[in-house]
Structures are given as structure tokens and as C-alpha cells.
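S.K.: Please construct the entire structure, taking both the sequences and the accompanying hints into account.
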Amino acid sequence: KAGVTQTPRYLIKTRGQQVTLSCSPISGHRSVSWYQQTPGQGLQFLFEYFSETQRNKGNFPGRFSGRQFSNSRSEMNVSTLELGDSALYLCASKSFSAQGDRTGELFFGEGSRLTVL
Amino acid sequence: AQSVTQLDSHVSVSEGTPVLLRCNYSSSYSPSLFWYVQHPNKGLQLLLKYTSAATLVKGINGFEAEFKKSETSFHLTKPSAHMSDAAEYFCVVRAMNYGGSQGNLIFGKGTKLSVKP
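Residue numbers (our numbering), protein chains in the order written: chain Z, 1 to 117; chain B, 1 to 117.
Keep in mind that the hints were calculated from the coordinates and are not lab data. Only true hints are included.
Straight-line alpha carbon distances no greater than 30 Å define the calculated DSS-like cross-link-like pairs of lysine-lysine that follow: (1) K68(B) with K58(B); (2) K109(B) with K13(Z); (3) K68(B) with K94(Z); (4) K42(B) with K116(B); (5) K42(B) with K94(Z); (6) K57(Z) with K112(B); (7) K42(B) with K58(B); (8) K94(Z) with K112(B); (9) K13(Z) with K57(Z); (10) K69(B) with K109(B); (11) K94(Z) with K57(Z); (12) K94(Z) with K109(B); (13) K109(B) with K68(B); (14) K109(B) with K58(B); (15) K112(B) with K42(B); (16) K57(Z) with K109(B); (17) K94(Z) with K58(B); (18) K68(B) with K112(B); (19) K58(B) with K69(B); (20) K42(B) with K13(Z); (21) K116(B) with K58(B); (22) K112(B) with K58(B); (23) K69(B) with K112(B); (24) K42(B) with K57(Z); (25) K42(B) with K109(B); (26) K94(Z) with K69(B); (27) K57(Z) with K69(B).
Where chain B lies over chain Z, by a calculated footprint (3+ residues, C-beta under 8 Å): (28) 40-46; (29) 108-114.
A few chain B positions that, by computed beta-carbon distances, are all more than 10 Å from chain Z: (30) D8; (31) H10; (32) P18; (33) N61; (34) G62; (35) E66; (36) K69; (37) E71; (38) T72; (39) D85; (40) S114.
Where is the CB? At the ideal position from N, CA and C, for every residue including glycine.
M.R.: Below is the structure:
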């Protein structure tokens, strides 16, 4: 079974540009979450999608947005890039067990490393 | 509100000696707790999880953690470190949404484990 696939793995942008990152979850997983990882702030939750609907949202400005498609693939977009947006962006997918959310394990991709110059 | 504190940012051990990575949590509810590991330039992998079953949780690669409610701790241990254990380890608590539904994961700042030959 293929794991969580994130593209691109590395990218460099300049301030003011926008970027779109893609995440393909494990086959059969309908929940996709996004996290930002930086040396200073650590891992911070961005948002979670389930069946094309945003279920949870972290404390990030509106420049950060996401969406999920009917095949569960997800994209996140960051507009008007700032230097501080340089980070590793991690996507994670989850299936739902019979017990519900509580035991659902998150499977992470290897991340997209964004550098903003 | 839920939170998690990893007490050491860096732990260094010799190969073959025990590993102890400390984690304290804060939660108003019976928490779900996890330990994840991240090797360099890789995504996160679940080591183990506590979801109100047995208080001593066994994970992969010989790791285990004990949930101690009285001490609000969930320390990660391994009897004998291996060179391949060198990585960053994250203690994680699952947030609870208003109304009691399961929320997103809240990550600790991470503990970098170094293993000396």
C-alpha cells in the first residue's frame, strides 16, 4: 500500500508569491491534515479535511487555505508569501476505526520544504 | 485546554544504555497521548499511543511509555539504545473540541535524541 505522497518535496519562492502544495493520502483514507514545522514554533496544526469539508482549523492567517477533492487528495495554498512561511509542510492522512476518531492513527508524508527568499 | 511539555530539548545517550524522554501533559479530559518519531528529512512515524486502555503502552522498536495520571506524565523509555534510534521524538496530545468531539493533535516541541557509539 503506497504511503502519503506530498509534492513537490522542495521548492523555493520569493516574497509576495503564492504556492500550492499537494497531498495524496493513503488509499481509503478520507481525512487529511496539514501541519507546519519550523525550528522556532515546532509542529503547528493548519487544518483538517474530511470528505471535502474542513473539520478543524488552526490559528493561521487567511493567507493559508486548503481544499480536498472527491478522491481525498488535498491541496494547501499560501498566498502573499512571507519570509516566515519558510517551513516544512507535512500532510497526514487517517482512516476511521470502528471506535471512531480516538484510535485513528495519523500517517505522515515526508513533507514539502518551502524556502521563501 | 490541552497542552504538552517535553522537558528536554536534547538527550544524549551511549549505545546500549537506557533511554528516557520525558513528557508532561495538561488535559481537562481523559487524554489520548501519542509518541511520534521523526528521522532527518523524513515524515513522522507513530511509535505508540495511549487511549485509556492499559497504562503501560508498548510500541515499535522496543519503545514503551507509561501513562501516570497522578503525575500527568507520559515518559518514553527504551532499555537499550541503538544507533538507529537517533532522531527527534514528539510527545502529542489530542485536543478536545468544544462539545467534546475529538480535535487536532497538539505536538510538544520535540526532543532530539543523540546516540553515541
